[in-house]
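Student: Residue numbers (the UniProt record's numbering), protein chains in the order written: chain L, 1 to 555; chain Z, 1 to 555.
Hint data in this document are derived by calculation from the structure and do not stem from the laboratory.
Only a predicted model underlies this, so the values are computations on that prediction, with no experimental measurement involved.
Repeated chains share a single entry, so a pair holds when one copy, or any two copies, can fit it.
Below are the DMTMM-like pairs computed for lysine to aspartate or glutamate, each with C-alpha atoms no more than 20 Å apart in a straight line:
id: 1; residue 1: K534; residue 2: D259
id: 2; residue 1: K211; residue 2: E325
id: 3; residue 1: K78; residue 2: D148
id: 4; residue 1: K65; residue 2: D111
id: 5; residue 1: K537; residue 2: D259
id: 6; residue 1: K429; residue 2: E492
id: 7; residue 1: K320; residue 2: D188
id: 8; residue 1: K327; residue 2: D188
id: 9; residue 1: K327; residue 2: D187
id: 10; residue 1: K429; residue 2: E490
id: 11; residue 1: K534; residue 2: D264
id: 12; residue 1: K489; residue 2: E460
id: 13; residue 1: K141; residue 2: D264
There are 2 protein chains.
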Amino acid sequence: MVAPARFVASMRRAALSSRSRLGVQHLRPAAQIRWTGSTTATSEPHQPDAKGTVKGGAAPAKTIKYTSESYSVERNSKFGKLTQEHVKYFQDLLGSESAVIDGFSKDASEDIEPFNSDWMRKFRGHSQLVLKPSSTEEVSKILKYCNDNTLAVCPQGGNTGLVGGSIPVFDEIVINMQKMDKIRSFDDVSGILVADAGVILEVADNFLAEKNFIFPLDLGAKGSCHIGGNVATNAGGLRLLRYGSLHGNVLGIEAVLPDGTIVDDLSTLRKNNTGYDLKQLFIGAEGTIGIITGVSIICPQRSPAINVAIFGLESFEQAKKAFREAKVQLSEILSAFELMDGRSQGIVNKVTGKKHPLEGNYPFYCLIETSGSNTDHDSEKLQAFLEHVMESEIVSDGVLAQDQTQIAELWSWREGITECLGHWGGVYKYDLSIPLSELYALVDDVRERLAKAGLVGDDESYPVVDVLGYGHMGDANLHLNIAVRGYNKEVEKQLEPFVYEWVQSRNGSISAEHGLGFTKKAYIGYSRSETMIKLMKQIKDLYDPNGIMNPYKYI
Amino acid sequence: MVAPARFVASMRRAALSSRSRLGVQHLRPAAQIRWTGSTTATSEPHQPDAKGTVKGGAAPAKTIKYTSESYSVERNSKFGKLTQEHVKYFQDLLGSESAVIDGFSKDASEDIEPFNSDWMRKFRGHSQLVLKPSSTEEVSKILKYCNDNTLAVCPQGGNTGLVGGSIPVFDEIVINMQKMDKIRSFDDVSGILVADAGVILEVADNFLAEKNFIFPLDLGAKGSCHIGGNVATNAGGLRLLRYGSLHGNVLGIEAVLPDGTIVDDLSTLRKNNTGYDLKQLFIGAEGTIGIITGVSIICPQRSPAINVAIFGLESFEQAKKAFREAKVQLSEILSAFELMDGRSQGIVNKVTGKKHPLEGNYPFYCLIETSGSNTDHDSEKLQAFLEHVMESEIVSDGVLAQDQTQIAELWSWREGITECLGHWGGVYKYDLSIPLSELYALVDDVRERLAKAGLVGDDESYPVVDVLGYGHMGDANLHLNIAVRGYNKEVEKQLEPFVYEWVQSRNGSISAEHGLGFTKKAYIGYSRSETMIKLMKQIKDLYDPNGIMNPYKYI
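Bound-form chain L, shown alone (with noise of 0.2 Å):
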């Protein structure tokens, strides 16, 4: 067990003593895996830049299959064709040579493919066009041409999404936020941020540490992902246990509608009862109503104090059981209680080469975190906390990070999964809201159904090469992932519509954090009425009469 002796002294089971002498020395600093360790493309292989080609040893994007090859989907007529007459003027409207990525020119039909696919290979598009606005004006000016000549257009942040939503299907204008990534103001008593929507997440989150606050959200993507990307998919991340939904959290918006109105609503206020809260309908709705340009958010202090830990457990069983002391005994200091299942931690474990920081094989491990503003105070309700659950034999074993390093590589292990599983070829990949008691049980039943059809083995021949899951235990959320050798239709076959029909008898959501994209466009009748629906679809009429905005995807 890696923790100060304080931590151990009262534990009595011998597989943590003898832990406990293994010190730090098989901890490694968490770079070489972590997505969010750099800012940089370097530290996301799969990452496309923005030079046109894709790091990391992953194929170049060309390889990737067309969106409207593999899902059987037409270009809607409806839809003006993109001309020269077009481009020129964007050009003009853009100025600088930077802002303007046309698919015609020889020169730039190179450096379209990365805004054409995705980080995970799955998705790609036939976008001639990208364009990089530097204003809101700029954005309301391409918007509303597109509307009056009916071209469609796709949205863009930093394209780390994981259903298709970033991605044009057919020929949508890309328009790409990158541009706009300036800090607008910050109000250092009350917290609040007023920012680009193309500023990077975590460039946000270390503007803000400098003054001692931290962004209210925060996820594996965070190097690459643009804050304006994460309230368009109300992102959900790490900390929702701890700070909340962004529907809470943000204060005001900035936002460009298909006719070019700009929806001026970017208060700073932590409250303003004056009128429909209109600025909530952008949070989630995945561009497909409008371009967020600005974001107002408030964020919370800056823990002084913080601590991670990660146990192993025999059972979900007991899983749930810590979860539910942790609330209790950890309460307003908890920030994250994460679930890692042992075949996720197995995969990073086999694609790093790294050794897991608990010695042993569990079938479940449990990342959990506190923030807090006295650093005793905090040991000594963590070390309360760990007593109980060791004396009571909820959990097996586990490690407490000394250090930043040893935090960072703790939570390595929780957010190098998403990296590591595509390392085969490729991942099918659920984002679920399932009730708590239950949370697990699909992950099993996946499983079996897919061994049963004869599909999971350890070798060339089978396309599966495991089923396994983690995820936001704090929120109910947990991420079915199917790692495979390929994508297949005979697996497709036997997850769908069996994953969603199985969430839909839960009354759970087949779309808890991620949104809805491209992938999950046609399943949403399995969580949410018809009724609902058809309210959602005079929302869209209502704001993007022409069908312009991210069209193929969401509802």
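Given the coordinates of chain L, work out where chain Z should sit on it, guided by the hints.
Tutor: Then chain Z, alone, in the frame of chain L:
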């Protein structure tokens, strides 16, 4: 200082030591004036009860001036007039006699008055019919019928609002939600409560208290207000600082649209990113696009350790400093930071006859509450904070509650203000968001302005008794109050548009948490742009094309 020795020990100021010897003797139980002390009407003297009388010595409802006479507003002739045939339809629909109060019938003409007026005696309508549905289906049938017959309706919860939103202006049919008062479900792992809209806030909180959870909203009117009304008005209250806004905490809503459509969005999931978050539109819509019938809300663990203190401070600058320090030092356990000026405390003293817990008079007072999971830790944090603010002379004097009774007593000096203010006959109330740096300056400016106009004085010949301010400092939310001996056009001319212009020039909000209701309808332009107002009207027209929902109000 009413504090355990360990808090006072290291505070070296003589004033404090002498206060500490006073002990608790001068503190009396708060039940006499505390609005929140009971769910019965008897603890709320100005609140009409169901029997048609107004309790606590206030004048009977009939002496209240009709809103239609006090303000220049005309009945919209497009609305149908109520007939005996309509009444018959509703009687048949609702069955039970107690569910229909019919102003046509002689027996009931008195009974209808309490539903036609408010506890402040500021608004009075002409409604001839009150309906009390018992189910969502009944609400649906009522609204469909009203919509088909263009009969205007006024949704009504606990009728505790401050802007006339729940009182009919003309002959709108009142739809009172008091019969929908069931708690539907509670999950004690996730903390998710599902309840009818008509559940009284305090009833919900008491139910949760038994299970060690807390309703994430608290306000003075908790003994009467409905949770449906809280959501419809996006109530902020005393603990927003800690638990965040209803936009973040409400997970689902069941509501009925004017055409009878039941919006079945009563999710019990913490996360559900499947489409537009339409329920958000109903939060703060004040019954203008539909009637909320059910609410699903996530409730935090109840904190076993609660501390409350009141401080006296020499200036608003000192109050700001104390707030900054509290945010840093009390951080995750800070659950309320309330500001009261000396005049507001003087008024509570004058009206209730109670002795203030602090000796001496200070221009400003702050009430601070902490909630945490560990009594010793919280006491230690609070002690460190107290020592710091006393030693650095940010705070001049203070008392700390030692038990539940004293906690209630200290809170009564904050929560009792609203009620005591009505003592002289009337109050002009403004609920404003103002950047913290200038939060209190408005009170001084308004006082000076009214004094210059010769309107403020101690004897009966002056209309204005006093100008004072208090509010939720943690949310930069000021309640500006002008206590008057009677509503007076001269005073109004001095106040408006002066107050609104003052707030607008600071980019504040003319309604932080009370909503627009009837009184603020005309002033939304001070806080919202023309674009935003246009977009809001679009939403109103979408859901309520006949405009029957709560007309003459909102936008």
